[in-house]
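**Q** Each chain, written out:
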Amino acid sequence: MNNFDYQQAASIADGIQLVSTNNKAAFVAGGTNLIDLWKYRLMEPELLVDLNQVKEHHSIEEKEDGSVRLGAFVSNADTAYHPIIEKRYPLLSKAILAGASAQIRNMASNGGNLLQRTRCYYFYDPNVPCNKRTPGSGCSAIDGYNRIHAILGASDNCIAVFPSDMCVALAALDAVVNTSGTDGERSIPFSEFHRLPGDMPEQDNNLRHGEIITSIDLPEKGFSGNYSYLKLRDRHSYAFALVSVATGLELSGDIITDARIALGGLAHKPWRINEAELFLKGKQANAESFAGAAEILLQGAKGFKYNSFKIELAKRAIIRNGLMALHPEQQLPGARPSA
Amino acid sequence: MSDQSSVGKPVSRLEGRLKVTGAAKYAAEYDAPNLLYGYVINSTITKGKITSIDTSAATAVEGVVAVFSHENRPELPWLDIKYADMDAPPGTVFKPLYDNEIKYNGQPIALLVANDFETARYASTLVRFEYEEEFFETCLDNNLEKGRDAKKGIATLLKPPPPAPTGNFEKAFENSAVKHTAEYLHSTEHHNPMELFATTTVYEGNGKLTIFDKTQGTINNQLYVANAFGLSYKNVRVIAPFVGGTFGSGLRPQHQLFLCVMAALELKRNVRVTLDRKQMFTFGHRPQTYQKLRFSTDENGSITAMNHLAIGETSQFEDYAESVVTWSHKLYPAANTLLEYKLAPLDLPSPLDMRAPGGCTAMHAIECMMDELSYKLKMDPLELRLRNYSEIDPSTGKSFTSKELKQCYLKAAERFGWKDRNPEPGSMTRGNKLVGYGMATGIWDAYQFPSRIEAIITKEGKLIINNAVTDIGTGTFTVMTQVAADALGLPLEDVTFNYGDSQKPFSMFQGGSAIAASTASAIIIAARALKKKLLKKAKAISNSPLKAAAEDDVMFKNGTIRLKKDPMSVVSFQEIVASNNGRPVRTVNMGMPHAFKLRKYTKATHSAAFVEVEVDKELKTIAVTRAVSAVAAGKILNPKTARSQITGSMVWGISKALHEETILDEKLGKYINTNLAEYHIPVHADVNELDVIFADEPDELINEAGVKGVGEIGLVAMPAAIANAIFHATGKRINKLPVHFDELL
Ligand SMILES: Cc1cc2nc3c(=O)[nH]c(=O)nc-3n(C[C@H](O)[C@H](O)[C@H](O)COP(=O)(O)OP(=O)(O)OC[C@H]3O[C@@H](n4cnc5c(N)ncnc54)[C@H](O)[C@@H]3O)c2cc1C
Ligand code: SF4
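First to last, the protein sequences are chains D and H. One point on numbering: in this note's numbering, the residue at position 99 of the first sequence is 99, and numbering is uninterrupted. One point on numbering: in this note's numbering, the residue at position 193 of the second sequence is 532, and numbering is uninterrupted.
Chain D on its own, in the form it takes in the complex (with noise of 0.2 Å):
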């Protein structure tokens, strides 16, 4: 670990300040991720600015058109015990607690949450070609040891995905990223804040250097009757999603009004296909019915030598987790497949 300086930002504008006139600069709040990515000499600041003392952005509220804002500084344990999360927003609370372990979520902050950066093993490795960390080297993972890599939206210059749980939920959610940078504050739809690698693996998001993440906003709907999360991986806690899937469902009898769902672990970003949710409105909410989301979801997926199986896991998954949607009381710790 190289020496650095250290400040704390005083305001967000004295943040913004701070590290984008600084190309050598980085933020830090629960610095769960950052920490490792230093060891790893991913990235090595020389001046490293804490969030943490900026005075706002520290709390969950509720506001008047009904949705509810999230503060970029809470952390990812605080946001999934919150009563009004754990209330209106379950699924996003189911999200949370299947990632990491207590000690993790209780440092991870939100804002860090959407910008952790992929767990390919090659990434971390600095003496093997990986072009999202040095572009142009080429990429260890396509003729490599690909099981955690992605089968949707990848790219031949890399197969990485992003590995969030709550990112998951939050795309289901239609959530809305809010940010301020030198060019002012900026509202993103969550579908637009993460990238797919294209040629350009090296930028997992459109956040700009010094541009700060100030809290994401839920929107009102938030799926609490029937929802569903569902994590399968290689040890039933802390260990990251082969396969993830974050199911919300509006229902009138057993129809279905309404419906989201999104992917994780399979993609440089969490997966969602409108289509896939149109195709269930009006329908029953059936194994069939969701077979044919499956579908839809994953056309176009290709399997690499060792994740081909993520196709067919991932179409199953998504029948479970929607029949799981129906009984959400029915939720195992760890978003284990229940009955």
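Below are the DSS-like pairs computed for lysine-lysine, each with C-alpha atoms no more than 27 Å apart in a straight line: (1) H:K1071 x D:K305; (2) D:K305 x H:K485; (3) H:K843 x H:K872; (4) H:K758 x H:K956; (5) D:K24 x D:K55; (6) D:K305 x D:K315; (7) H:K388 x H:K1006; (8) H:K434 x H:K547; (9) H:K1075 x D:K315; (10) H:K617 x D:K39; (11) D:K315 x H:K956; (12) H:K903 x H:K801; (13) H:K442 x D:K39; (14) H:K1075 x D:K302; (15) H:K442 x H:K421; (16) H:K442 x H:K491; (17) H:K956 x D:K305; (18) D:K305 x H:K631; (19) H:K750 x H:K717; (20) H:K1006 x D:K39; (21) H:K617 x H:K388; (22) H:K1006 x D:K305; (23) H:K896 x H:K872; (24) H:K434 x H:K607; (25) H:K956 x D:K302; (26) D:K39 x H:K364; (27) H:K442 x H:K485; (28) D:K283 x H:K956; (29) D:K302 x H:K1006; (30) H:K1006 x H:K631; (31) D:K305 x H:K1075; (32) H:K772 x D:K315; (33) D:K315 x H:K1071.
Treat the hints as calculated values from the structure; they're not laboratory data.
Following the hints, complete the assembly by docking chain H with the ligands onto the known chain D.
**A** Leaving out everything else, chain H with the ligands in the frame of chain D:
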């Protein structure tokens, strides 16, 4: 025996409080004045030569003291034999910083020493190496044809080569009623105990060193350091009272010890070297192993022929071998056997013993094979084991010193509820989960090493036992205190067991589940001698009430010697020491295995594991919902510490079957998931009900203590029991470990 006899009771760890309060000190926690910190620099290529080293940027950093590499290393004896530790396999031992040759990725190629750890770690990133790369091979699967016999050496004593073939395998197999052939592949596993490898070397001057090290053998490392650096033995002291898990990784001196001592001697300073988690993947590991088995039986299920071929990986410089193919014939009789073991040298570091090395690898294959045969025979898997049960060791014709495997089978089956099993795969369900029951057998060696004990009665009438042995978390400190207390009839608090120090009398390294048997037996022998001496001295006291007493007439109780017939005739230990002019009464004795008597016997521990798994019908996620292990390991000295050895091993079994693997990228020639986020071991959510049964297994033959050791046996049967349960649940055989749930899709 005294009233308060403690052997066999569930005494809690005597050092437990120190451990949970953080007061227990580990190798990296000893402070020394003006301590320097070394950080190991690892090769980033897999094979080739270092052509140049540029340290200028690193040495320019404030606080950097030195960079050691092959270019400037001190002159040292470079004879291989000088580096051969007690556990060195045949071949050429790896000598850190010897020359510019790179033999494997991650090889230590330099040590950067600085005033603090952070500076050392940072500056190490500024050292520039130029390499000339060479073609390498790291993938076992692609190199099976390179398999050849293992070279022989000292290590062969504990790990004998496969026995010669018996009968005519090919013919018998061909002509048998029922036969099966299957291949098994095991992934690499790396040692990841909680405590990272670390050494703190205190430079005492005058060629003297005190070394706090993470090790399983204080004397092994003392000899290694003294030999490699040309120091006299008595000037090298290795101390390791607390060791945070090792499981074989501390059997051999690791490179941080060498580098730390080298730096301390060169700089004449106190130095600490700690590896980080990533660097835990740069030395020994459980080797990738390929196995092919062909077994056949007659129509009644009696085994007629067994062929077990195993090909393990080793390095290009040492022949690390395991006992893989020796087990099937120790368990099951067969007139025709062909047991073959080969090594394929690859461009990797030498593998290293890891809990039940070879045994858990082999028994996975053997016991899955038995399960396959049971299905072909339409016979209950337990019934098939009983059909082939042998009271003697079929491979030698010798008797066992004791063998209560049948008791293990029956008790565990009963506790588990095996009789409720419907043999049809996929027939048992629970909601949308398929339920599978699987069972398997375990067998492991029961070794005993020589051990030397100093036993002292102090003027306060208390007992001190001294021995160089370590306690690698197994409970040795507690259990040996119990054994000593009972042997002298003292309460636990009157016994001090000093250990973990090479200055104490000899002990081998703590491995092979041998230490409980070795140290306990030696303590019993030493206590016997001490009691004799005490009685002699008691009788010599003027007016001694014991004047006429023979050994059989007295009992030792609460720090006194009393006549059995007249308990009021007493001489206390304090009086004896007082009459000895206040000098403590002391004996030193060697405990040795009864090699001659035991020649006629096979010594082994046995176990049976019964496992229930649930597999999701559509998604195929796997959970080990409960497991029962019954273990026959002679006398159980402390059921609490023993149980924790077995449950810990059972969790390891879950890990081996379902989680643990170091992924090797064969194109890059390196391991890629070298951190605990991606190197999966079970977490609490993966571990459910674990039940342990200890069989009654009195063993008067094996050693003074009647003890066999429980450090490894709990692991051996688990992986196969889990794999068999998965088959029972799903009808699918996955013979590559760990099983990935998606392979069941
Ligand atoms: C072992 C391990 C297992 C994990 N498992 C999971 C899992 O299963 N599922 C899952 O979802 N996550 C998992 N995580 C990831 C964890 O959720 C993230 O590390 C965490 O959410 C990051 O938040 P942070 O506040 O600590 O970010 P930091 O580490 O502080 O920052 C991350 C990045 O975001 C930037 N940043 C932080 N806040 C802001 C802001 N407000 N505006 C602009 N930039 C900002 C920083 O500069 C940095 O580049 C795991 C992490 C670890 C270490
Ligand atoms: S998948 Fe992306 S992150 Fe991984 S090696 Fe390829 S370019 Fe790098």
